[in-house]
Each structure stands twice: as C-alpha cells, then as structure tokens.
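Protein sequences, first through last, are from chains S and E. Numbering-wise, the first sequence is residues 11 to 125 according to the numbering used here. Numbering-wise, the second sequence is residues 85 to 200 according to the numbering used here.
Since the hints were made in silico from the structure, they are not lab data. Even glycine gets a Cβ: it sits at the ideal position worked out from N, Cα and C. Hints are not guaranteed to be accurate.
Stated by the list, open to error - Label-pair ranges, simulated between beta-carbon atoms: (1) Ala90(S) to Gly144(E): 22 to 32 Å; (2) Pro163(E) to Gln51(S): 22 to 32 Å; (3) Phe130(E) to Phe79(S): 21 to 31 Å; (4) Asn87(S) to Ala125(E): 39 to 49 Å; (5) Ser123(S) to Ile102(E): 23 to 33 Å; (6) Ala90(S) to Ile102(E): 19 to 29 Å; (7) Ser92(E) to Thr15(S): 48 to 58 Å; (8) Ala125(E) to Phe79(S): 19 to 29 Å; (9) Thr129(E) to Ser17(S): 35 to 45 Å; (10) Ala90(S) to Thr129(E): 31 to 41 Å.
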Amino acid sequence: DAGVTQSPTHLIKTRGQQVTLRCSPISGHKSVSWYQQVLGQGPQFIFQYYEKEERGRGNFPDRFSARQFPNYSSELNVNALLLGDSALYLCASSPEIAGGGEKLFFGSGTQLSVL
Amino acid sequence: DQQVKQNSPSLSVQEGRISILNCDYTNSMFDYFLWYKKYPAEGPTFLISISSIKDKNEDGRFTVFLNKSAKHLSLHIVPSQPGDSAVYFCAASSRTSGGGADGLTFGKGTHLIIQP
C-alpha cells in the first residue's frame, strides 16, 4: 500500500508569491494534518482536517490556509510568502482525528525555499 | 516557549550499548507521549508511545519510561544498532483538551549516532 505522498518534493519561490502544496493520505485515512519544520527545530502543527472540515489550527497567520477534498487529499496554501516560510512542510494522515492517541503517518515532505 | 524540550542535540553511543534519549515537558495537560524517528530526506516514522496512565511501555528493543511528577520521559534502545542512527523526536498531545485535535507538540530532536 502507498504511504502518504506529497508534491512537489522541492519548490523555490520568491517573497510575496503564493504557493500550493499537495498531499494524498494513506488509503482509508480520513484525517490529514500539516506541519512546518524549520531547520534545527521539530515539526510545528499548522492544521488538522477531518472529513473535509478544519478540526484544529496551530499558531500560524491567516496567510496559511488549507482544504481537504472529498477523496481526503489536501492542499496547503501560503500567500504573500516571507523568507521565514522557508521550511520542510510535512503532511501526515491518520485513520481518525489525530493527537488524541492516533499515531501519525508522515510523508517525506515538501522543501520550500523562499528567496 | 518550548513545551517539549530535548536538551541534547546529539548523542553518540557505541554499537551494542544502551542509548538513552531524554525529553522534558512543561504542559501538565499533556497526557499522551510519542517518539518518532527521522532519517534524512524522509518523514518522521512512529516508534513507540505511552499514555499518562502508565509509567513504562516496551516494544522489542525500545522502552519508554514516563515520570509524571518530574514531567520527564526517556527512550531506551537496547542494544543499539547502526540502523538506529537517526534524529529522534519526542512529541506530546492532550486528549482531554480540544478533543486531541490540536496536533502534536514536538521537541527539537536528538541526533543519535551509533558508533561501530
């Protein structure tokens, strides 16, 4: 079975641009979470979506938004990119709402560089 | 303000010996703790977890100990193998707050290096 897949694997953008990252969860998983990992830090929670609804949001500005589609895949959008948005963006899926004990299955991430 | 702290950025252990990775937390609402392992160019993979109602959980070579009064947990790997060389993240969540939908809070990670 395929694991969590993310695209693209690498992306270079300039300040002020907008970016869309994509994630396909493991088949049968209904929840998708997004995490940002800055170099030298641990992953930081951005969003959790379950059954197409936002169920949790971390401490990120409104420039960050996401959505989940009927097939449970998800997109993360970041507007007005800043240099500080350069990071590895990780998508994780779980069968049900995660964080309550469900272990997360992570993809390999999208490395975003903002110049 | 870091709620999950891993104070050792790196740890070097000889193959066959015990590796002990430490983690401290400050949020008393955390009631579930997990360890993830990460290789370069890959996403983190789940290793082992422990609920706050337990003080020990074991899975093969991996054992996690939880000391709630000290807000401290540790991961023991015995015996350490070369394939264990990776970055290990401690993570915590609160199932009683927000229904667990607030995501996991991760530490900064400890880079474990197993020396042959």
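Hint check results:
1. Ala90(S) to Gly144(E): 22 to 32 Å: violated (47 Å)
2. Pro163(E) to Gln51(S): 22 to 32 Å: About 30 Å separates the Cβ atoms of Pro163(E) and Gln51(S), which means 22 to 32 Å holds.
3. Phe130(E) to Phe79(S): 21 to 31 Å: Once the Cβ atoms are compared, 25 Å apart, the range 21 to 31 Å for Phe79(S) and Phe130(E) holds.
4. Asn87(S) to Ala125(E): 39 to 49 Å: violated (24 Å)
5. Ser123(S) to Ile102(E): 23 to 33 Å: Because 39 Å falls outside the window, the suggested range is violated.
6. Ala90(S) to Ile102(E): 19 to 29 Å: At roughly 49 Å between Cβ atoms, Ile102(E) and Ala90(S) fall outside 19 to 29 Å, so the hint is violated.
7. Ser92(E) to Thr15(S): 48 to 58 Å: At roughly 33 Å between Cβ atoms, Thr15(S) and Ser92(E) fall outside 48 to 58 Å, so the hint is violated.
8. Ala125(E) to Phe79(S): 19 to 29 Å: holds (27 Å)
9. Thr129(E) to Ser17(S): 35 to 45 Å: violated (20 Å)
10. Ala90(S) to Thr129(E): 31 to 41 Å: holds (33 Å)
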